[in-house]
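In order, the protein sequences belong to chains A and B. Counting from 1, one number per residue, gives the positions in the first sequence under our numbering. Counting from 1001, one number per residue, gives the positions in the second sequence under our numbering.
Keep in mind the hints are simulated off the structure, nothing from the lab. There's no promise every hint is true.
Stated by the list, open to error - For lysine-lysine, the following DSSO-like pairs were computed, each having C-alpha atoms within a straight-line distance of at most 30 Å:
#	chain 1	residue 1	chain 2	residue 2
1	A	Lys366	A	Lys424
2	A	Lys166	A	Lys89
3	B	Lys1074	A	Lys332
4	A	Lys172	A	Lys345
5	A	Lys345	B	Lys1074
6	A	Lys332	B	Lys1003
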Amino acid sequence: MKSASNTSDPMTINNPLADQELPNVSGAESIILSLLAEGVSQVFGYPGGAIMPTYDALMDYEDQLEHIMVRHEQGAVHAAQGYARASGKVGVCLATSGLGATNLITGIADAYLDSTPLVCITGQVFAQLLGTDAFQEIDILDISTPVTKWNIKVTQASEIPAAIAKAFYIAKSGRPGPVLIDITKNAQIDCMAFDYHPCYQLNSYQPTPQPDELALVQAARLINVAKKPLVLFGQGLILGAAEQEFLAFAERCGAPLAATILGLSALPTNHPQYVGMLGMHGNYAPNTLTNECDVLIAVGMRFDDRVTSNLDFYAKQAKVIHFDIDPSEINKNVAVDVAVLGDVKHTLPAVTKQLDANKHPQWLAKFHQLHAIEQHKIIAKDLEPKTDTINMAEVIKCLNQQDDNCLIVTDVGQHQMVACRYAKFSQSRSLITSGGLGTMGFCLPAAIGAKFARPDRQVVGIVGDGGVQMTIQELGVLMQHQLPVKIIILNNQFLGMVRQWQELYFDKRYASTELSNPNFGLIADGYGINNAKVSSRAHLADAVHTMLSHPGAFVLEVMVAQQDNVFPIITPGASVADMCLGTNTAGTSDDNSED
Amino acid sequence: MTKNYTFTIYSNDQTGILNRISAVFSRAGLNIEALSVCESTHSGLFRHNVQVSCDAQTGFRVSQQLERQIEVIKADFYHQDEIIQQELALYKIASKSMLEQTLAEQIIHRHHARVLSMNSEFTVIEKIGKRAESQALFDDLSTVGVLEFVRSGPVSISKLMTTESLQEDMPVFKQHATCESENGQTVETSS
Ligand SMILES: Cc1ncc(C[n+]2csc(CCOP(=O)(O)OP(=O)(O)O)c2C)c(N)n1
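Please put together the full structure from these sequences, using the hints given.
The following block contains the structure:
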């Protein structure tokens, strides 16, 4: 694979001292040269009429820019997301006009909600056909507007490099996000003098707000006087590469530390101050004690409603400090007392400098007490079940035991919540999951993208029997590229998460959630991918071992309990402090059931 | 409490920007009651004036979401007390009702309106004022018959002693004009 810095060709083109004339190239070739100038070495995509000139140009650069052909455009955008989230670089995908572009939309929306830097390039019909309902003409600019950080239509070859330069700058700076460039076919075909100038600044865009000195002082002062501080950290730490800065901050202030789902792996799970995951299916202690802390310190997270539950009962007693790079997040959901705007990589150390070294043993002990309750009522049963059937949690535990450093990519549903609850992480960027949108079908293509970005890491996808069927065609990419991605299908023969809600909140009326599944092993066989199926606990560890040690791709299907539920749960509409610890109390806010 | 608010949004001149701006309002469930777009005192930068009814909290959140748009430089919002507003109304009436009756003339005079254009068939009358005033003129003219009537919607200017200086809100002016590129070269950026 090419290294990201292999941009020599376009850079020499760019060098004003090179006394050559600017090369005359087609718009399509300028797209490729621009991508190379941005350090791109891999793109995910699918060809079609309006993007054909670009694919044609790509063929001449195969040795520098690898194209990974997916089996559906949704796969391309999820793969680009997985690539971006595993590497921290911008993910790039290509699609044709109309249908190709609309097939990208789900993934673009997913990337928008999860702040993933993507550049999506779509072909468009000839400029003179725009607005005529031409074959495969769809106004993708309009469709993508609400789910892109920025988008642009390019109708002339000469405009391509500047549009791409701007797109990369916007996608990766500030709070990252997906951008879309729609390029008409004539712009790809026509010739232009190629000259690339990376973009570093725009008149209308301040990616990183300047921190306010006073806010830094106020934040430090509040943290210093806090008796029961609680830190909530999110993906902002990972996006800002501020894991070390956070660690220094956290250890100085001594507060308990809780993660949002997208913040997972920013801090090693075994850190003594780590108290678990927030949210609807998060851990009992951090959710409950959110309503007991005196200072709530939110770092690079956005108070999503899955974290806060009912805002009317959320941390009303606490002073709130919010560190974020995006001013529009401040006071959006939760009123804050101190807003520390800026890049956490800079604001955290600036606050840490002013902090007294503190420890809060009694306050931390309270988390441990509540954790012991969760351990007794839920975790022990999840991890050490007395049932005949395997359950999801013990599969995750088994994986942790055999490899405590894999990069886990999940799909959406019960298995996702279980994976996030039980997976252990020792390095950052070890969990990729669809948080804000919750897109089933994300896992397989995102795992593919993650493996292309990080061939050095063991990439393991955890997926449900429902979700895997949404993008199962991407097994073709594993086959074609001999990509050693491991996929664990946790097969409960149900759309488990929806079934759980039906059980708890819809009188056990299981409308359209029971699945008639295909033989997954035969499907894997069809793609020439090694596979195995386990149904008994006695064979689980061996099967996981076989999967992890196999040099190629592997699909492991694990038959799990059909009608298990994920607990604890915060009933929709309830307060964070009212977590239900078991079936008997689900649906009420009373959680004093013993078993 | 729901009140009338006027947003003043400065943006670059980019295709689709109006869609992006209006999408922020529609996502918040707000109907745009009046909209006007013009070039601002900075050539190349556009000023969108948008009037909606909402509560202060929603107004604040919408302004944050507007500023989040890459091509938007700044989004201010004002309560009606903080702005001066005016709107333009045009009325088309048959010229024969002007010629045959003095009533129409009297109405125009009484309302401080003026004749903008006249030919043998029709006359166009112009009225600048508040909504209630242009409505009153319409009601009176209806007695002689109005063929067509159009109102611009209010345009507004703030009562604050501010200029349209956007310098502070534009990073190009704010930061010094050079910055480090990834490969360590110093790059000139144009402003
Ligand atoms: C594309 C999409 N459609 C529908 C849903 C709603 N949904 C959320 S979880 C879920 C069930 C997932 O079932 P499965 O993949 O078998 O995983 P499990 O919950 O059983 O672990 C569904 C249908 C979704 N999140 N995404």
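Now the hints, each set against the structure:
1. For the hint linking Lys366/A to Lys424/A, the alpha-carbon distance of about 22 Å falls within 30 Å, and the restraint holds.
2. With a C-alpha separation of about 16 Å, the suggested pairing of Lys166/A with Lys89/A holds against the 30 Å cut-off.
3. Between the alpha carbons of Lys1074/B and Lys332/A the distance comes to roughly 18 Å, so the proposed pair stays at or under 30 Å and holds.
4. Taking the CA atoms of Lys172/A and Lys345/A, the gap is near 15 Å; set against the 30 Å cutoff, the hint holds.
5. Of the pairs offered as hints, the one joining Lys345/A and Lys1074/B holds, with about 26 Å between alpha carbons and a cut-off of 30 Å not exceeded.
6. With a C-alpha separation of about 20 Å, the suggested pair Lys332/A and Lys1003/B falls inside the 30 Å cut-off, and the hint holds.
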